[in-house]
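Colleague: For reference, the chains in residue letters:
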Amino acid sequence: MERKAYMKPATNKHAS
Amino acid sequence: MEISKNVTWKPLGEKIVAVKVDSGEYYTMNEVSSLIWRGINDGKTVDEIAVLISQEYDNDDTESIKKDIEEQISEWKQELLIL
Numbered sequence: 001m002e003r004k005a006y007m008k009p010a011t012n013k014h015a016s
Numbered sequence: 001m002e003i004s005k006n007v008t009w010k011p012l013g014e015k016i017v018a019v020k021v022d023s024g025e026y027y028t029m030n031e032v033s034s035l036i037w038r039g040i041n042d043g044k045t046v047d048e049i050a051v052l053i054s055q056e057y058d059n060d061d062t063e064s065i066k067k068d069i070e071e072q073i074s075e076w077k078q079e080l081l082i083l
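Keeping their order, the protein sequence lines are chains A and B.
Using this note's numbering, the final residue of the first sequence is 16, and nothing's skipped along the way.
Using this note's numbering, the final residue of the second sequence is 83, and nothing's skipped along the way.
Please keep in mind that the hints were generated in silico from the structure rather than gathered at the bench.
Be careful, since some hints might not be right.
[Stated by the list, open to error] Below, computed lysine-lysine pairings styled on DSS-like, alpha-carbon distance capped at 30 Å: (1) B:K66 - A:K8; (2) A:K13 - B:K10; (3) B:K77 - B:K10; (4) B:K77 - B:K67; (5) B:K44 - A:K8; (6) B:K5 - B:K66; (7) B:K5 - A:K13; (8) B:K5 - B:K67; (9) A:K8 - B:K77; (10) B:K67 - A:K8; (11) A:K4 - B:K66; (12) B:K10 - A:K4; (13) B:K67 - A:K13; (14) B:K66 - A:K13; (15) A:K4 - B:K77.
[As the list claims (entries may be wrong)] Facing chain A, from chain B, some residues (calculated, C-beta under 7 Å): (16) V21; (17) G24; (18) E25; (19) Y27; (20) T28; (21) M29; (22) N30; (23) V32; (24) D42; (25) N59; (26) T62.
Yeah, the Cβ is synthetic: ideal placement off N, Cα and C, and Gly gets one too.
Excised from the complex, chain A in its bound form:
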């Protein structure tokens, strides 16, 4: 299986 390009973990916060 071909591996995907690695990306640093990222989480975006959004207001309510």
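The hints should help you fit chain B onto chain A, whose structure is shown.
Modeller: Structure of chain B alone, referenced to chain A:
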């Protein structure tokens, strides 16, 4: 380490959206973060999650992956998404 009971979440394709129930703030995660989140939900260790990521993504440097995982977990702990 576990996901807070104040958080409800849902996978959207490869990504995850998590909502804080009390405040209504919500968080969108990229694919690698989503993999970490699922790993925590499944009770996996950081080492196990790092192996999973290196199998799926073209990064064989598990030490740097572990560092990235720890940084992400630290951010989630600050936001009280995980305990």
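Colleague: Evaluate each hint against the coordinates.
Modeller: Results for each hint:
Among the hinted pairs, B:K66 with A:K8 is consistent with the structure: their alpha-carbon atoms are about 11 Å apart, no more than 30 Å. Annotation: proposed proximity of A:K13 to B:K10 holds, straight-line Cα distance about 15 Å (limit 30 Å). For the proposed pair B:K77 and B:K10, the alpha carbon gap of about 19 Å is at most 30 Å, so the pair holds. Annotation: proposed proximity of B:K77 to B:K67 holds, straight-line Cα distance about 15 Å (limit 30 Å).
Annotation: proposed proximity of B:K44 to A:K8 holds, straight-line Cα distance about 19 Å (limit 30 Å). Taking the CA atoms of B:K5 and B:K66, the gap is near 25 Å; set against the 30 Å cutoff, the hint holds. For the hint linking B:K5 to A:K13, the alpha-carbon distance of about 18 Å falls within 30 Å, and the restraint holds. For the proposed pair B:K5 and B:K67, the alpha carbon gap of about 26 Å is at most 30 Å, so the pair holds.
About 18 Å separates the Cα atoms of A:K8 and B:K77, which keeps this hinted pair within 30 Å; it holds. For the proposed pair B:K67 and A:K8, the alpha carbon gap of about 10 Å is at most 30 Å, so the pair holds. For the hint linking A:K4 to B:K66, the alpha-carbon distance of about 18 Å falls within 30 Å, and the restraint holds. At most 30 Å may separate the alpha-carbon atoms for a hinted pair to count; B:K10 and A:K4 meet this at roughly 22 Å.
For the hint pairing B:K67 with A:K13, the CA-to-CA distance comes to about 21 Å; that is within 30 Å, so the pair holds. In summary, the hint linking B:K66 to A:K13 is supported, as the alpha carbons are separated by about 22 Å, within the 30 Å threshold. Simply put, A:K4 and B:K77 have alpha-carbon atoms about 28 Å apart, close enough for the 30 Å limit, and the pair holds. Look at B:V21: its Cβ only gets to about 11 Å from chain A, farther than 7 Å, so that hint breaks.
The interface hint given for B:G24 holds, since its Cβ lies 3 Å from the closest Cβ of chain A, which is under the 7 Å cut-off. For B:E25, the interface hint holds, since its Cβ comes within 7 Å of a Cβ in chain A; the closest pair sits about 5 Å apart. With a cut of 7 Å, the hint placing B:Y27 at the interface with chain A holds, because the nearest CB-to-CB distance is about 5 Å. Annotation: interface hint on B:T28 holds; nearest CB of chain A at approximately 5 Å, less than 7 Å.
Interface hint status for B:M29: upheld, as the beta-carbon distance to the closest one in chain A is roughly 5 Å, under 7 Å. The restraint placing B:N30 at the interface with chain A holds, with a minimum CB-CB distance near 5 Å, inside the 7 Å limit. For B:V32, the interface hint holds, the least distance from its beta-carbon to any beta-carbon of chain A being 5 Å, beneath 7 Å. A cut of 7 Å between beta carbons decides the hint on B:D42: the least distance to chain A is about 17 Å, and the hint is violated.
A cut of 7 Å between beta carbons decides the hint on B:N59: the least distance to chain A is about 4 Å, and the hint holds. A hinted interface residue such as B:T62 counts as satisfied when its beta carbon comes closer than 7 Å to some beta carbon of chain A; here the least separation is about 12 Å, so the hint is violated.
The structure fails hints 16, 24, 26 (numbered hints given earlier, in ascending order).
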